[in-house]
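> Single-letter residue listing:
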Amino acid sequence: DQQVKQNSPSLSVQEGRISILNCDYTNSMFDYFLWYKKYPAEGPTFLISISSIKDKNEDGRFTVFLNKSAKHLSLHIVPSQPGDSAVYFCAASASGTYKYIFGTGTRLKVLA
Amino acid sequence: DAGVIQSPRHEVTEMGQEVTLRCKPISGHNSLFWYRQTMMRGLELLIYFNNNVPIDDSGMPEDRFSAKMPNASFSTLKIQPSEPRDSAVYFCASSSLGTKKLFFGSGTQLSVL
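These protein sequence lines are chains A and B, in that order.
Residue numbers for the first sequence follow the working numbering, beginning at 88 and rising by one.
Residue numbers for the second sequence follow the working numbering, beginning at 947 and rising by one.
Hints were generated in silico from the structure; no laboratory data involved.
Don't be surprised by glycine CBs; every beta carbon is placed ideally from N, CA and C.
Accuracy of the hints is not assured; some may be wrong.
Unchecked claim - Label pairs and their in silico Cβ distance ranges:
{"hint": "1", "chain 1": "A", "residue 1": "Phe133", "chain 2": "B", "residue 2": "Ser1057", "range": "23 to 31 Å"}
{"hint": "2", "chain 1": "B", "residue 1": "Ser1033", "chain 2": "A", "residue 2": "Lys92", "range": "19 to 27 Å"}
{"hint": "3", "chain 1": "A", "residue 1": "Gln89", "chain 2": "B", "residue 2": "Ala948", "range": "27 to 35 Å"}
{"hint": "4", "chain 1": "A", "residue 1": "Lys143", "chain 2": "B", "residue 2": "His956", "range": "28 to 36 Å"}
{"hint": "5", "chain 1": "A", "residue 1": "Lys155", "chain 2": "B", "residue 2": "Arg955", "range": "23 to 31 Å"}
{"hint": "6", "chain 1": "B", "residue 1": "Pro1027", "chain 2": "A", "residue 2": "Ser115", "range": "39 to 47 Å"}
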């Protein structure tokens, strides 16, 4: 059973526009969420995180929004750049555990 | 810091053979994770260790899979016997208590023929 779901396997966006990647979770015990970016033949690298006490966290062009009641989070990239083309994974964990559950990933392609 | 180091980068083997994947975590990190990446399931957690002790191995698919962490700087994931459906990219990651994020190695691409 997938506790973290990324329902869009792929997304294409024009350079300069906004990219919105979505993630849903089912476990109400999750209280910490992360986004990772993965290029081909490399390991995932940390991008941005958010704790459940917040509903928004911003880092440069990247913003993560958390809607706890809907068990939904999203990653916004503005403006999108061709170098942002990668697979993006959403991950979640619960307090007191070190267990990070990842989604299936969304492949983002930013068109020049 | 060299980051998380995994070896080999690529492994091609025949069905029935034993496969051993290796990982060296970042020095000072006390948690180590093994993940498997497949198209269908994304990044699937297999097992994780805290201070060299296995904490949760519920993701290990079958008894053919085993993992060890004999000391803080080394871990292995073994598949014996290997099967074609084990073909995937296997990632090792480490973290420390204060960071709340994982640092991944470059992965091992395993192909079982």
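> Are the hints correct? Go through all of them and say.
These are the hints, each one checked on the structure:
Under the hint 23 to 31 Å, the C-beta atoms of Phe133(A) and Ser1057(B), about 28 Å apart, fit the expected range. Between Ser1033(B) and Lys92(A) the beta carbons are some 24 Å apart, a value that agrees with the proposed interval 19 to 27 Å. As the Cβ distance of Gln89(A) to Ala948(B) is approximately 33 Å, the hint placing it in 27 to 35 Å holds. Checked against the hint of 28 to 36 Å, the C-beta distance between Lys143(A) and His956(B) comes to roughly 41 Å, which is inconsistent with it.
At roughly 40 Å, the beta-carbon separation of Lys155(A) and Arg955(B) lies outside the given 23 to 31 Å, and the hint is violated. Between Pro1027(B) and Ser115(A) the Cβ separation comes to about 40 Å, which falls inside the hinted range of 39 to 47 Å.
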